[in-house]
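First to last, the sequence lines map onto chains E and X.
With the working numbering, letter number 81 in the first sequence gets 85, and the count goes up by one each step, no holes.
With the working numbering, letter number 25 in the second sequence gets 26, and the count goes up by one each step, no holes.
I should point out that these hints are in silico values taken from the structure, not numbers from a laboratory.
As the structure is a prediction and not an experimental result, all values here were calculated from the model.
Ideal Cβ placement from N, Cα and C applies to all residues, glycine included.
Among the clues, some could well be false.
Incomplete in silico selection of chain E near chain X, CB under 10 Å [said to hold, decoys possible]:
1. Lys13
2. Thr104
3. Ala106
4. Phe108
5. Arg113
Listed below are the residues making up each chain.
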Amino acid sequence: DTAVSQTPKYLVTQMGNDKSIKCEQNLGHDTMYWYKQDSKKFLKIMFSYNNKELIINETVPNRFSPKSPDKAHLNLHINSLELGDSAVYFCASSQDTMNTEAFFGQGTRLTVV
Amino acid sequence: AQSVTQLDSQVPVFEEAPVELRCNYSSSVSVYLFWYVQYPNQGLQLLLKYLSGSTLVKGINGFEAEFNKSQTSFHLRKPSVHISDTAEYFCAVSNTGGFKTIFGAGTRLFVKA
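Excised from the complex, chain E in its bound form (with noise of 0.2 Å):
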């Protein structure tokens, strides 16, 4: 059984497109993120949900919207799809907030073109 899941893996779309990706854990766990990987392999968090609640909103355009309808799901939503948009997005959990370790899903490789 796959820990963490994200569908698509792989999703080229057009610039001004909209998009959504999803975002499944079965480990129970109480808090999950979304991070963006560039070309170069720097991480960084974009959004945290703990228990459904938004706890983390990292400087990000208004244009990515993360919904969580339970705690088992983070899906991220992207409007108006731009070039620099393009990178792979992870979907990753952990057990609380204390961060003590964080699950990774294999990630989605996003192309606008």
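Starting from the structure of chain E, add chain X where the hints point.
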């Protein structure tokens, strides 16, 4: 605010040689420290973590790291590397109050035959 510096962007090494990947951090409060590994086209996987107690931490795949508070370092070591250790390695820090983990820029370990 916390920060993490990985001093080497790339480390080439021959198979069966020892390796050290360097990591320094800065923080005004107590921290948790982590090393993650990312194999090609995969998510990050925890190698080891320091939360408290013994400053020498052993992880998976024969890796270990030593927490040095006076030098604010958490270097990763392995006495004999294998080709399969070729990957990107990330050092990360979070404060003991939780909420956010900061990742270093990564070190690409390339093991040559």
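Evaluation of the provided hints:
{"no.": "1", "hint": "Lys13", "verdict": "9 Å, holds"}
{"no.": "2", "hint": "Thr104", "verdict": "6 Å, holds"}
{"no.": "3", "hint": "Ala106", "verdict": "6 Å, holds"}
{"no.": "4", "hint": "Phe108", "verdict": "3 Å, holds"}
{"no.": "5", "hint": "Arg113", "verdict": "8 Å, holds"}
When the structure is compared with the earlier hints, no violation turns up for any of them.
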